Structures are given as C-alpha cells and as structure tokens.
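When you get a sec, could you build the whole thing from the sequences and use the hints?
2 protein chains.
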Amino acid sequence: MLYLEDFAPGQKQVSGTLRVDAAAIKAFAAQFDPQPFHLNEDAARSSFFGGLAASGWHTAALTMRLLVDSGFRPAGGIIGTRAEELKWPRPVRPGDELHVEAEVLEVRPSSSRPGQGFVKCRTTTLNQDGEPVQVLVMNLLVHERPR
Amino acid sequence: MLYLEDFAPGQKQVSGTLRVDAAAIKAFAAQFDPQPFHLNEDAARSSFFGGLAASGWHTAALTMRLLVDSGFRPAGGIIGTRAEELKWPRPVRPGDELHVEAEVLEVRPSSSRPGQGFVKCRTTTLNQDGEPVQVLVMNLLVHERPR
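Order-wise, the sequence lines are chains X and Y. Under this note's numbering, the first residue of the first sequence is numbered 1, with each subsequent residue one higher. Under this note's numbering, the first residue of the second sequence is numbered 1, with each subsequent residue one higher.
There may be inaccurate statements among the hints.
Claimed, not checked - Within a straight-line C-alpha distance of at most 30 Å, the following computed DSSO-like cross-link-like pairs (lysine-lysine) qualify:
1) Lys26/X - Lys87/Y
2) Lys120/Y - Lys87/Y
3) Lys87/Y - Lys120/X
Everything labelled a hint here was simulated from the structure, so no lab data went into it. The structure displayed is predicted, hence computed values, not measured ones.
As structure tokens, then:
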C-alpha cells in the first residue's frame with residue numbers, strides 16, 4: 001500500500017495481460033454501447049472501423065481491470081477524480097491481448113482536503129503489437145500517511 | 001442522421017433516464033473494477049466513499065448507453081476519438097436515476113481526413129436531484145454530407 005509520500009514522478013508499473021474476444025466486445029456493447037460496429041461483423045465492415053471494434057468505454061473498463069489487478073496499490077484504493085486526456089488512437093479488435101503501462105507524472109497535496117493529495121498518472125494501454133489503443137491521463141485521490 | 005454541416009455550437013440533446021441498482025454496480029465492478037467500495041456495502045462504509053458507489057467507468061458506460069438511446073444521431077455513429085475532460089464530481093449510488101444533457105461546443109473540419117470533421121460535445125450526467133455525477137468533453141468524428 002502506497003501513501004501520497006511514497007509516490008514520485010517517473011515511477012512505472014506494468015500490468016499483466018488480458019485477451020479480448022468478439023463475444024466480450026459484443027456483450028459489453030449490447031449493454032452499454034449498442035452501435036452496429038460494436039455488435040455485428042457485417043455491419044462493422046462497412047463502417048468507419050472496417051471491422052468489429054470494441055467500444056472505447058470497453059477499452060477503458062478493461063484498462064481499469066488491468067490496473068486493479070496489477071501491483072499498483074495506492075492507500076484507500078484507485079480513486080480517479082478527473083482525467084485531463086483520454087484518447088483511443090486505434091480500436092481494440094477481437095483477439096487483441098492488452099496490457100497497461102502506468103507512469104506517475106506529478107504528485108501534489110490537496111489544497112482543500114487535509115491529509116489527501118493527487119497523483120497524476122498516465123496509463124497507456126497497448127495491444128500485442130505494442131500499439132497504443134488508449135492513453136489516459138488521470139488524477140487519482142491518494143491519502144497521506146497517517147501521523 | 002446528422003452530418004458535420006448539421007451541427008452548430010449551442011445545440012442541445014437530453015436523454016431518457018436509467019436507474020442504477022446495487023446489483024448492477026456490483027456486477028460491473030466484479031468484471032472491470034473489483035475494489036471493495038464498488039463490491040460490498042460493509043467495506044464501502046469505511047472507505048472514502050462512505051457507502052457503496054459505482055465505478056466511474058460504470059458511470060461513463062451508462063452515459064454512453066443513454067446517449068446512444070437518445071435522439072443524438074451523427075452520421076456514421078457516435079465515435080469518440082479524444083476526451084479533453086472527464087470528471088466525476090460525485091459518485092453514483094444504488095437507486096440513482098441518471099440522465100444525460102449533451103451540448104455541442106465546437107464544430108470543425110478535419111485537416112487530415114477529407115470528408116470528415118470533429119464535433120466537440122460536453123455531456124453532463126445528472127442524478128435524480130439534478131446533481132452532476134460526470135462531466136465529459138469529447139471530440140466526436142463526424143462525416144460531412146456526401147456530395
């Protein structure tokens with residue numbers, strides 16, 4: 001468990017991997033993003049994506065799962081408050097195997113919440129070819145070490 | 001179906017509503033964000049959240065569902081490329097009833113992709129008390145009208 005004082009810019013964390021198949025892409029889409037290019041191979045072929053593609057929000061959710069399962073353990077949990085950037089440079093495809101590389105960019109105490117602070121992290125989610133499928137810069141709320 | 005030329009800053013869209021219960025919060029968390037405060041009422045009580053709270057990524061996914069089900073119909077689909085802001089001012093709680101208010105902020109043609117452009121939207125997700133639970137500023141890829 002890491003308190004605010006334990007974080008420093010430049011620290012890195014690499015997650016394990018997670019494979020995404022067509023069934024998972026469609027199941028997420030059916031619940032949260034029911035657009036043809038996330039649900040059906042034929043419809044996807046004639047879309048912007050040119051083939052079945054995961055919802056960006058599915059990629060974001062899988063990124064969170066990889067991060068929670070990694071050794072990244074801020075005190076109090078991984079609590080995102082505000083993202084400054086979230087982009088999907090390319091879609092996640094059926095069969096992709098993803099992992100996440102996280103890097104601490106900035107650490108600062110909160111001006112309004114005594115005993116708490118913010119750790120700004122960039123998480124890059126990569127496929128099996130090392131191509132980024134998501135870049136997220138998120139501010140996490142982290143507790144200071146109890147005195 | 002709306003092409004790039006049909007969008008203008010200030011246009012607004014309001015979604016229907018969607019109720020979130022504890023079972024849905026825990027099911028999403030078990031799959032994508034298995035942290036105690038999203039999974040278990042007792043563990044959540046002593047956490048930062050003070051009670052069961054939905055994962056922010058669950059809130060984001062529900063926001064997408066509300067947007068897809070609304071009358072918001074860009075040509076080619078709702079394709080987010082890059083968010084400039086994503087924040088969760090307060091958590092979604094069991095029993096919350098959410099809706100989304102979307103507003104077009106900016107419309108611009110793409111400099112690199114002929115026939116396409118970007119519509120920057122702010123979507124604000126609100127609970128039954130009118131309190132924002134998520135604010136997202138997203139750039140959508142939208143096709144120009146075929147000539």
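TODO: Taking the numbered hints from earlier one at a time, note which ones the structure violates and give those numbers from smallest to largest.
DONE: Violated hints: none; all satisfied.
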